[in-house]
Amino acid sequence: MLELQEASKRYESPGEIVHAVEDVTLNVRAGELVAVFGPSGSGKSTLLLLAAGLLKPDAGTILYEGRDLAGMSKRELLGYRRTQLGFVFQGFNLAAGLTARENVSIALLTRGVDHATAEERAELALREVGVAHRAGHPPDRLSGGEQQRVAIARALVGEPRLVLADEPTGSLDSDTGNGVLDLLSSLPRERGVGTVLVTHDSAVTRYADRVLNMRDGRLCGDGVDRPAAALTTE
Amino acid sequence: MIAYLRTLWLLYRRSVRVQPVREAMAVAGIAAGVALLFAVQVAHRSITGSLEQVTRGVAGRATVELAARGPEGFQQRIAEEAERLPGVARAAQIVEQPIVVHGPHGRRPLLLVGATEQVTSLGGEVSSAFEEAANRSRGGILLLSEATADAVGAREGKQVAVSIAGQEHHLAVAAIVPGTRLGPAAQAPVAATALPVAQLLAQRPGRVNRVLFEPRPGREEALLGELRASFGARLDARPVSTEARLLGNAAGAEKQVTLLFSAISLVAGIVLAYNALLLASDERRRFMVQLIRTGTPESMIFASLAFDATVLGVLGCVLGLAAGEIVSLLAYQSVPGYIAAAFPIGGQRVVDAMTVLSALGAGIVAAFAAAALPALRILRSSAQAEPEAVGRALSFTHRRQTPDMAVFALGVVLVVLSILTAAVLPSGTVVSLMALAAGLVLCMPLATRYLLGVARRATRRARDPAALLSVAELRKRSTRAVALLATGTIAAFLTVLIGGSVSDVKHAVSQGATDLLSSAQIWIKPGGAENVYTTQPFQQADAQQRLERVPGVASVQVWQDSFLDLSKRRVWVVGVPTQTTQQLAPSQLLQGSLSRADRLLRKGGWAALSKPIAQELHVRIGQEFTLPTPTGMARLRLAATVANYGWLPGSVVMNESEHARLWGSTAATQLAVRLTPDTTLVSAKNGLERALPKGAALSVHTQSERRSEVNAVLGSTLSRLNDTTIIVLVVAVVSVLALMLSAVAERRERLNSLIAVGWDFRQLTRLVFYETGVALLTGCLMGMAAGLVGQYLIDSWLSDTTGSPVHYSPAWQPGLRTFAIATGISVLASVLAAIQIVDMQPRTAFSAD
Chain Y
1 MLELQEASKR YESPGEIVHA VEDVTLNVRA GELVAVFGPS GSGKSTLLLL AAGLLKPDAG
61 TILYEGRDLA GMSKRELLGY RRTQLGFVFQ GFNLAAGLTA RENVSIALLT RGVDHATAEE
121 RAELALREVG VAHRAGHPPD RLSGGEQQRV AIARALVGEP RLVLADEPTG SLDSDTGNGV
181 LDLLSSLPRE RGVGTVLVTH DSAVTRYADR VLNMRDGRLC GDGVDRPAAA LTTE
Chain D
1 MIAYLRTLWL LYRRSVRVQP VREAMAVAGI AAGVALLFAV QVAHRSITGS LEQVTRGVAG
61 RATVELAARG PEGFQQRIAE EAERLPGVAR AAQIVEQPIV VHGPHGRRPL LLVGATEQVT
121 SLGGEVSSAF EEAANRSRGG ILLLSEATAD AVGAREGKQV AVSIAGQEHH LAVAAIVPGT
181 RLGPAAQAPV AATALPVAQL LAQRPGRVNR VLFEPRPGRE EALLGELRAS FGARLDARPV
241 STEARLLGNA AGAEKQVTLL FSAISLVAGI VLAYNALLLA SDERRRFMVQ LIRTGTPESM
301 IFASLAFDAT VLGVLGCVLG LAAGEIVSLL AYQSVPGYIA AAFPIGGQRV VDAMTVLSAL
361 GAGIVAAFAA AALPALRILR SSAQAEPEAV GRALSFTHRR QTPDMAVFAL GVVLVVLSIL
421 TAAVLPSGTV VSLMALAAGL VLCMPLATRY LLGVARRATR RARDPAALLS VAELRKRSTR
481 AVALLATGTI AAFLTVLIGG SVSDVKHAVS QGATDLLSSA QIWIKPGGAE NVYTTQPFQQ
541 ADAQQRLERV PGVASVQVWQ DSFLDLSKRR VWVVGVPTQT TQQLAPSQLL QGSLSRADRL
601 LRKGGWAALS KPIAQELHVR IGQEFTLPTP TGMARLRLAA TVANYGWLPG SVVMNESEHA
661 RLWGSTAATQ LAVRLTPDTT LVSAKNGLER ALPKGAALSV HTQSERRSEV NAVLGSTLSR
721 LNDTTIIVLV VAVVSVLALM LSAVAERRER LNSLIAVGWD FRQLTRLVFY ETGVALLTGC
781 LMGMAAGLVG QYLIDSWLSD TTGSPVHYSP AWQPGLRTFA IATGISVLAS VLAAIQIVDM
841 QPRTAFSAD
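So the sequence lines, in the order shown, correspond to chains Y and D. Under my numbering, the first residue of the first sequence is numbered 1, with each subsequent residue one higher. Under my numbering, the first residue of the second sequence is numbered 1, with each subsequent residue one higher.
Because the hints were derived from the structure by calculation, they are not lab data. Be a bit skeptical, because a hint or two may be false.
[Unchecked claim] Below, in silico cross-link-like pairs of lysine to any residue (SDA-like), each with a Cα-Cα straight-line distance of 20 Å or less:
| # | chain 1 | residue 1 | chain 2 | residue 2 |
| --- | --- | --- | --- | --- |
| 1 | D | Lys476 | Y | Gly136 |
| 2 | Y | Lys74 | D | Arg204 |
| 3 | Y | Lys74 | D | Val831 |
| 4 | D | Lys476 | Y | Leu142 |
| 5 | Y | Lys56 | D | Val838 |
| 6 | Y | Lys74 | D | Phe761 |
| 7 | D | Lys476 | Y | His137 |
| 8 | D | Lys476 | Y | Asp140 |
Let the sequences and hints guide you as you build the complete structure.
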């Protein structure tokens, strides 16, 4: 579904070149949860930006369903992000003045879905992530875990083919984080949605189909995927 | 102490570095208010200051004068008689005559002064400088200042054309007095010649206008008494400083009006600065929490906030004084036309310590006023965030906050009271307007919350996610909404209030001029716009006969107008020919019956007075009063009270024959020409110009040309006032742009996440527009409404202050113009902000990596 072939990205600043992502090859399949594990500054977020088409690689290719993202127009990229991707952010990025339901339904309104349908589907999505009883509450009345669940509902409500999750447990305690990871590993999988999850939370190894270790912009070893079990035994 | 100040400076530098836009906006707000206040103060101080300098420069040690009540002056033998009084140490006789000098580079209206040689013994610098120049000249008649010579292109020994008393002369320039010798009076519009020459040119041989006296030590009061006893019936015996006092009165109304508008502008500046400070209060609060946590002494926290306000005030003042200097040079350099018509004032600027200090003081107070509430808010929320670490000094912040509803109620009470007070007591309008502005500000937070609540309900089912999201964001960050709302409100309030009331006053003045000039199709008078009140007499007998013979001319009527000094004011006396259809301009009538007053004025022995003059003389309609005239104290009866006919200190209207009798002169000051029905204006004007006697320095104007001249002169002061409020509007516009762009910068991460999830440029533009533009435009609507109320209140005050019959005409036009500008700015800023967003590196959408 999503294929990165020898993708590289570097940032230039005066007197310094940072190789954020270097020569990365990665294949994400439908229904699969791929965790990218690594310390801060290892290039995980840049990897997500490349996958979302928000950055263009300096070298290599990024293919979605066989189409090169670099060859897409701005409009097509916008459509790609809107309809094919779902995002989960570390800071949740929920709109403070909206209720949980509205935060979810707004993702559908952006795509032109009518108000009633959007509300109905938002309600359903919230039920699936277990916070339907909090649908009428604004984010500041929800716990961190509940907020991230709403964010997951928002990412999934548009029925994307791929979810990009950026440190989804970064702002949560371990118990709550486990609940969120549980959700992120089960729901997309049931729907055949691929997930790329970047984190430095080692708990992710229990949930991911594959875990990739990233250091200094490179996937560990020669950049080839390793199964989760292999990583946990390292 | 130095270490303490250094710490405060470091804390200040840190806050500037973190929030440079906030600081710049706050400084700009204070600076705008200070600039206007300073410019207006300089302009007014320059008016009275320059006359004082000229008077001192001519009169020297003379402190008492005997002045004629009319332009014809009085016999020199009376002056000589007065000079022999025992209290006189030294005296000098003076002839004054308005002239216009025409040179190769232009024309300049001046006051020609002829004095006896004794004038130099009084020790006046100007007199001495002219005397020195006269002594070194090798011929010629006219002594000009360097400024005048430069303006008209005159050179020593060369001739210039001079219009004097309706006649044109060619006079050789005897000498040019260097500006350095004249000191502060270098720009004074004065020319000099020998006394006999001046008498001859003015066609008043053997007559003078005033005598200056240097009293013997300790005899000033006695001398004044003697002069009054001997000559007081027909002449004014008074201190030399009277002229400056009369000028102060003439400029007083304009000063009050401009000061009020400047004060409103200063309040607007405070609100803009307050907005800026409020906007960054969250960041400041976080920093204060840090300071409290790290055990910073609370005195240091207070001192830091006070230091911020002081630096803000000082920077605002410095920038404001610099901007005010530019504004006063550009917009207030020329003397208001109506004042220059009655007093010899030049364009010299007088900037004294008091003017600078008052502007500085206002700026510092404004900065503290703007900073006080945000500082209190920061302290309170910081203390609440760290209750354990709070000591005694900060404990006051634990007191319960005043609920928004109570603040709103107080605001409403202030608004209602201000309207009622101004309606019942027009003299209290200034205070009422301040209360109205304060009431509006107090209403703002709850009004914003309510409006956002309405918007929330309206957008709940909106299809546009940008609308839904923007209202939600605004409700959570209402400070920004309040700031934008307040900025829009202030901008519209100011534009509508000042634009509307200035337009109403101009309309009132214009209406008076229209009424007065409607009695004839063509007007003939000496001088240009400077003779707007037509008070320069000329011998018209020959001209009148010639003009009456021009084909198409039905009649040529003689008007006699003059200035007359009463105890407190210089009034304009209008002598209306009895042949004129209406003796009183209908728009100017305040009390009395128009037809009855008309009949009585024609009969003679009756006059109409402006309201303040009637009040000062304690006279009511039908009652008798006395008027000091050149021929003695005249007993007249009051036919009606009228407005001021465009001369702010007030007017006296009588028929022309009465004026001729009381002034002892038949000389006209203007001629009104009525045409036969079949005559065209152009042909009549050309015919009249050709018919003027050779050498006549008279100009022929159609009614509309005269009206434009009057409106231009009388309206110029008010127009420039209106123009200078643009400073506040520019600051408001810059503030709005900065507010909108900084709002985007503050929420970079949040907006990036929207880009990441697929929001496009149009959606982002709409989001910013809804968030900021809607608040701004709502503010504009609120400001317009308040401005219209304010305009209504201020109109009645202006009517009282200026004596003009100001009628309320809602200022929709400036209001709508402001609304259109605000819409344009909102759209522009939204597009700019959206460009800024999409150009951002979207990296911040994701966690730092």
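Looking back at the numbered hints, which does the structure fail to meet, lowest number first?
-> 2
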